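Asks: Next come the chains, spelled out residue by residue.
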Amino acid sequence: MSSTEFFQQLINGLSLGAFYALIALGYTMVYGVLRFINFAHGDVFMIGAFCGYYLTPRILPHFTGAWAPLGVVAVMLSTMLICAALGILIERLAYRPLRSRPKLTVLITAIGVSLFLEYGGQFLFGADPKPFPELIVDRPIEYAGPLSLHRPLSSVLSQMGGFFERVGLTVTTIQLVAMTVAILLLLALTFIVKRTKLGIAMRAVSNNPTAAALMGINIDTVVSFTFGLGSALAGAGGILYALSYPSIDPLMGLLPGVKAFVAAVLGGIGSIPGAAVGGIILGVVETFVGGSAFSTYRDAIAFALLIGILLFRPAGIFGRMQAEKV
Amino acid sequence: MKYRHIKKFALLGAILLSALASHFSGAINSYYLQVVLFIGINITLAVSLNLINGYTGQFSLGHAGFMAIGAYVAAYLSTEHSVGLFRLFGGANIFSVSLLFIGVLLAGGLAAAVVGLIVGVPSLRLKGDYLAIVTLGFGEIIRVLIQNTDAVGGPRGYSGIAGYTTLFWTYSVAALTIYVVVSLIDSTYGRGFLTVRDDEVAAEAVGINTTRYKVTAFVLGAFFAGVAGGLYAHSTTYINPSGFDFQRSIEIVIMVILGGMGSTAGVAFAAIVLTLLLEYLRFVSGYEWLPEIVRRIAANRMIIYSLVLIALMLLRPQGLFGRLPRRGSLSK
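So the protein sequences, as listed, match chains A and B.
Counting with the numbering used here, you get residues 5 to 330 for the letters of the first sequence.
Counting with the numbering used here, you get residues 13 to 344 for the letters of the second sequence.
These are calculated hints, taken from the structure and not from any lab test.
What you were told as hints is all true, and nothing was included just to trick you.
Derived EDC-like pairs: lysine to aspartate or glutamate, alpha-carbon spacing no greater than 16 Å straight-line:
1. Lys134(A) to Asp253(A)
2. Lys20(B) to Asp198(B)
3. Lys14(B) to Asp198(B)
4. Lys107(A) to Glu212(B)
5. Lys107(A) to Asp211(B)
6. Lys107(A) to Asp210(B)
7. Lys19(B) to Asp198(B)
Small disclaimer: the values here were computed from a predicted structure and weren't measured.
For reference, chain A alone in the conformation it holds in the complex (with noise of 0.2 Å):
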């Protein structure tokens, strides 16, 4: 493999990193709060998709021109939305009931819920595969001449296409978008987690559920949020995901859903810095592997990564070992 090969399939590798990245935020943030894996957390990824496929020929012809990307963002922003209103419906009815009751309870009704958002998305949306809108254009980014002020957007992506050309690299638009999408997204996120009163209750909740209640922070309010957080990442996740892979069935959101689980215990569950390198380790690790002679192995292979990191260090990269409280 020659060195620019590396490099065209480490970009392609990190592209594919942003969707298990989005995707095991979501895991991650639940496990933190609620200590349970939201199995259904795969399938709301899943339903954002479908948000963009339903709503990209509605909302997208409003924008014209110029005005274009404002119409992604729109389509992105409304598809976080529906993803978020849906986890925290999810939350509500399926998981609040149960707060008290054994893990296992829980942990089969989030099954339950998984099989009924597939299943009953099998029977809304039909069962067959669908091609996905065309949101963004597909080309690879080239040079089209040198700045000009009039037009910033493409003619910072000319320049970029100029670096690309010269070290001979082919980046898509459609990469480009999904791991700057990723990377603004985690951004907004460390912001929301780090700064703000909700994100700060939700550190404190994770951290000690008990005492957080009695220093008068609302635990419901805080799994909603989480919930709602989570999804609306998951949403994200789902519209990049389909515009790279644009076909899009009910089925889709479980093997995303679960190799982003192994992200999130690759870089140590509970850990939102973990769940972002867990997502982008993994998405190269997949696109080397499916680039090698073992390429039908391609889907197997988070799984051996699974079960390596889970001989040799359980709690993942960022993770620590803690020891059971009786």
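Given chain A, put chain B in place with the hints provided.
Replies: For chain B alone, kept in the frame of chain A given last:
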């Protein structure tokens, strides 16, 4: 008569009864016979999964993977390696076929048990929800591996398997599985499984090797799932990797949950009811007089499954026949 003698007589009786039923099975319509065979296979699967999920409290979602291993190993051996054995015993007579079938079923079960051990040791260090996803992943890996194995047809599936499975084999295995699981749980050693489920910390504190118990349950469950897979392969005579997917695992899990985790009788009963219900739904989806929406839901059985799961957990988490943990127990 002592309880443990009753169990042995029940096992013997069940085997004799299935032999008798098998003798007259020619009189049954072949479709009904297939359904009855599936019921027996599902009982084996559900009761063996109950040992892991119900009695030991480890939530496995990969039972179909072990079933797949058993099915493929047994089918491969009986198809490719039967000639020599038959030559030794002068053709395919009842003796040589029985010997071969027992051999391949055992081989399938042992292969699944070995994989269960490989899967179990790293993943059983994890708790509940982690384990569920890991086993789900393993189920998928096994499927991907089979899909990439050309010797057994890869994604095209494996056909031309001899139809050795009869009522006798199916129900003898089911009875044996129930016997083994019940005897195990009733034994002094077997109480350890319940302890691990009820309170892992307390179990460790009184000197129970929890990991060993979990792995034992897992390996034993995988073994019987493998045997059930062998029976399945030799009753349908054609298997393909997508028949052992996540949905199949969920089906078995639902039998366990519906019957009541930790109740062998309940789980066996649920296996019977659910298998019959599924077959019945096939007819319902074809009834012209029903409204379109009912027929479409009947055709998509996973929607019904998911609603059953959620409703059960909200209303009766112990399942139809299970018992709630004792009041005042420490487990959370």
